[in-house]
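Peer 1: Chains as they are written, first to last, in numbering that gives the first Met the number 0: chain C, 0 to 372; chain H, 0 to 372.
Derived from the structure by calculation, the hints contain no laboratory data.
Zero decoy hints are in this set.
Simulated restraints on C-beta separations:
{"hint": "1", "chain 1": "C", "residue 1": "P295", "chain 2": "H", "residue 2": "E289", "range": "47 to 57 Å"}
{"hint": "2", "chain 1": "C", "residue 1": "K170", "chain 2": "H", "residue 2": "K84", "range": "54 to 64 Å"}
{"hint": "3", "chain 1": "H", "residue 1": "R67", "chain 2": "C", "residue 2": "K50", "range": "28 to 38 Å"}
{"hint": "4", "chain 1": "C", "residue 1": "G25", "chain 2": "H", "residue 2": "G282", "range": "34 to 44 Å"}
{"hint": "5", "chain 1": "C", "residue 1": "N179", "chain 2": "H", "residue 2": "R308", "range": "23 to 33 Å"}
{"hint": "6", "chain 1": "C", "residue 1": "S121", "chain 2": "H", "residue 2": "P295", "range": "24 to 34 Å"}
The list that follows gives simulated cross-link-like pairs (lysine-lysine, DSSO-like), each with its CA atoms no further than 27 Å apart:
{"hint": "7", "chain 1": "H", "residue 1": "K84", "chain 2": "C", "residue 2": "K293"}
{"hint": "8", "chain 1": "C", "residue 1": "K196", "chain 2": "C", "residue 2": "K163"}
{"hint": "9", "chain 1": "C", "residue 1": "K84", "chain 2": "H", "residue 2": "K287"}
{"hint": "10", "chain 1": "C", "residue 1": "K292", "chain 2": "H", "residue 2": "K81"}
Glycine residues also receive a C-beta, built at the ideal position from the N, C-alpha and C atoms.
There are 2 protein chains.
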Amino acid sequence: MESHGRFNIIKSDGNARLGQLSTQRGIINTPAFMPVGTNATVKAMSPDEMKDLGAEILLSNTYHLYLRPGHEIIREVGGLHKFMKWDGPILTDSGGFQVFSLSRLRKIKDDGVEFRSHIDGSLHFLSPELVMEIQGALGSDIAMMFDECTPYPATREYALNSLKLTTEWGKRCLKAKNENQALFGIVQGGVYKDLRKQSAEELIDLDFDGYALGGLSVGEPKELMYEMINYSTPLLPQDKPHYLMGIGDLMDVLEAVAAGIDMFDCVMPTRNARNGTLFTSQGRISIKREEFKKDPGPLDPACGCYTCRNYSKSFLRHMFMSREILSMRLNSLHNLHFFLDFFRKMRDAISRGGFEQFRKEWTPILQNNFHAG
Amino acid sequence: MESHGRFNIIKSDGNARLGQLSTQRGIINTPAFMPVGTNATVKAMSPDEMKDLGAEILLSNTYHLYLRPGHEIIREVGGLHKFMKWDGPILTDSGGFQVFSLSRLRKIKDDGVEFRSHIDGSLHFLSPELVMEIQGALGSDIAMMFDECTPYPATREYALNSLKLTTEWGKRCLKAKNENQALFGIVQGGVYKDLRKQSAEELIDLDFDGYALGGLSVGEPKELMYEMINYSTPLLPQDKPHYLMGIGDLMDVLEAVAAGIDMFDCVMPTRNARNGTLFTSQGRISIKREEFKKDPGPLDPACGCYTCRNYSKSFLRHMFMSREILSMRLNSLHNLHFFLDFFRKMRDAISRGGFEQFRKEWTPILQNNFHAG
Numbered sequence: 000m001e002s003h004g005r006f007n008i009i010k011s012d013g014n015a016r017l018g019q020l021s022t023q024r025g026i027i028n029t030p031a032f033m034p035v036g037t038n039a040t041v042k043a044m045s046p047d048e049m050k051d052l053g054a055e056i057l058l059s060n061t062y063h064l065y066l067r068p069g070h071e072i073i074r075e076v077g078g079l080h081k082f083m084k085w086d087g088p089i090l091t092d093s094g095g096f097q098v099f100s101l102s103r104l105r106k107i108k109d110d111g112v113e114f115r116s117h118i119d120g121s122l123h124f125l126s127p128e129l130v131m132e133i134q135g136a137l138g139s140d141i142a143m144m145f146d147e148c149t150p151y152p153a154t155r156e157y158a159l160n161s162l163k164l165t166t167e168w169g170k171r172c173l174k175a176k177n178e179n180q181a182l183f184g185i186v187q188g189g190v191y192k193d194l195r196k197q198s199a200e201e202l203i204d205l206d207f208d209g210y211a212l213g214g215l216s217v218g219e220p221k222e223l224m225y226e227m228i229n230y231s232t233p234l235l236p237q238d239k240p241h242y243l244m245g246i247g248d249l250m251d252v253l254e255a256v257a258a259g260i261d262m263f264d265c266v267m268p269t270r271n272a273r274n275g276t277l278f279t280s281q282g283r284i285s286i287k288r289e290e291f292k293k294d295p296g297p298l299d300p301a302c303g304c305y306t307c308r309n310y311s312k313s314f315l316r317h318m319f320m321s322r323e324i325l326s327m328r329l330n331s332l333h334n335l336h337f338f339l340d341f342f343r344k345m346r347d348a349i350s351r352g353g354f355e356q357f358r359k360e361w362t363p364i365l366q367n368n369f370h371a372g
Numbered sequence: 000m001e002s003h004g005r006f007n008i009i010k011s012d013g014n015a016r017l018g019q020l021s022t023q024r025g026i027i028n029t030p031a032f033m034p035v036g037t038n039a040t041v042k043a044m045s046p047d048e049m050k051d052l053g054a055e056i057l058l059s060n061t062y063h064l065y066l067r068p069g070h071e072i073i074r075e076v077g078g079l080h081k082f083m084k085w086d087g088p089i090l091t092d093s094g095g096f097q098v099f100s101l102s103r104l105r106k107i108k109d110d111g112v113e114f115r116s117h118i119d120g121s122l123h124f125l126s127p128e129l130v131m132e133i134q135g136a137l138g139s140d141i142a143m144m145f146d147e148c149t150p151y152p153a154t155r156e157y158a159l160n161s162l163k164l165t166t167e168w169g170k171r172c173l174k175a176k177n178e179n180q181a182l183f184g185i186v187q188g189g190v191y192k193d194l195r196k197q198s199a200e201e202l203i204d205l206d207f208d209g210y211a212l213g214g215l216s217v218g219e220p221k222e223l224m225y226e227m228i229n230y231s232t233p234l235l236p237q238d239k240p241h242y243l244m245g246i247g248d249l250m251d252v253l254e255a256v257a258a259g260i261d262m263f264d265c266v267m268p269t270r271n272a273r274n275g276t277l278f279t280s281q282g283r284i285s286i287k288r289e290e291f292k293k294d295p296g297p298l299d300p301a302c303g304c305y306t307c308r309n310y311s312k313s314f315l316r317h318m319f320m321s322r323e324i325l326s327m328r329l330n331s332l333h334n335l336h337f338f339l340d341f342f343r344k345m346r347d348a349i350s351r352g353g354f355e356q357f358r359k360e361w362t363p364i365l366q367n368n369f370h371a372g
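Full structure from sequences and hints, please.
Peer 2: What follows is the structure, encoded as structure tokens:
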């Protein structure tokens, strides 16, 4: 790996790290939140808005784009960046998790996974080589290796086979690595510490550009997830970026950053926005609440986002109750601003050596939930 | 009426007129297209985007805002402009048409209309006085009188009673007229020329700030609608604005502008956008069409809108097929641009004395329909 994919740690604060990940399309300040653009768009948002919000990288889904519109089409029209009009960095996941969570009739074989599309039931086969070819066609800046996501619960034997398969697929992905594209490995091993260790060691031997923890937040108790994060993260090379896949609950983020995680992605800000659940500096609220009917004040007086600068809770409630698209737009914009701003503040805290203080301040706020109507 | 509501005709070209309608919140160049913001938002659009598109006035719906969130709430939070964050002119319709087309169990009485809400079935009663009070609470720049929309078909007797009731309600609306708000009369009379004449004369005697043709495009054959427009428009005071309510098919617009109509509103650009039907300089197309799958070109190379400057047909098709909100945003933006631009070009043509030439050039384009998948 050349300068593309280079990772610099600027400052450590306990195990928390302030870093910069360089890509050919720009620098990503870490800890970084990656908004999710499943189908080549962050739901309800335009790329310009994402740029204005300060997003430095987007995540997009190999599984979804392979099925629709098809990676060959995206290749033909000039790659994913041009297609979706986002000139910043893009990370594509490998489809391993979606095959596990979305598709039907998944059959795991040594050379890949057979599954049926969640869209039309059509039969498909993803192999490590095809997954790398798809990600090459998309032209993302960071690709993820194809992994077999271990479910929860799983026997030790299942988890062991799953991690072995993942290591084999990791080798094959590295062989098929695309030029100008960083490639991250994915540590599996379920909730078995020795298997997490084995998986990490095997992948580190293969030398990836970064390392992700996979197979977490798949149904296991939170304490067990935290235990795995705290155990596994220190096993990863300290000079490479650490990515906790699919996790974005900010309480989990605080725990993971404290353990040394650098990158996160989650649909929570946009999905919650569409359901009317909004994040504020006082805690989470539901915009549906009756008391907001006549409330002329902004959602969060402490927030500087477009939604809070321009609209009343009364209007936001009305938009939500009327099922207007503008509701999803304004809510998504606000929640994404909240997440991206939270990460900015967290980076600032680490840079000042104040991460633990930051965590202490935010924990009660994040636990506040005014959700009930 | 003072300077607010003043109407100046700058140029005539046949019966087509180029005009300027002055309001306290800005000048509206006519012929004008008024995008529809039923629930206090033009669907899928932000007010900033509407301003960027060059919209000079929006229409909003008395009936909808009365039912949800309620006009008292909008009054309390500072009026409709502040509520929806649009500082340009707003025209509110009177609810007469929605009571006719949307509500259930409509009972027409001398003093108003009893009906059931299309949202929750609750019982309501709208009178001319209440309709003026609602529009006063909303604080729109142009209010419409409460009318009884004559259905099609209707007997001569029904249409006569309906126009008489409308005249009576017109008187009561004028008595309840709000300060700083222009008030337009609505000509009824069904498809009976003598009744259209009678309605126009009775309303002209009452002296409104502008005159609308109502009760058209309610099921009658197009030829009959055109006959009514061509017959009725010249009956209206030439120094007042003429508004053809709820009509926006651009072929109809050409016919109506030729007859002397100045103002239009229609949900067509936004509703069609959400259904994937897009207007181009070559005719209408459906973005669903298979042939667009790999098409890297813009929707309309002749179009300068944000959608056409940034996205391929391939991407627009993918967004539509994936039911992404961005699809509705980009399509709505394009169609609204097309309509507003069409009106700009039409005004330009009138100013050059070239309206008939404009009409000749656009007629075959507007009739072109590449809609079939």
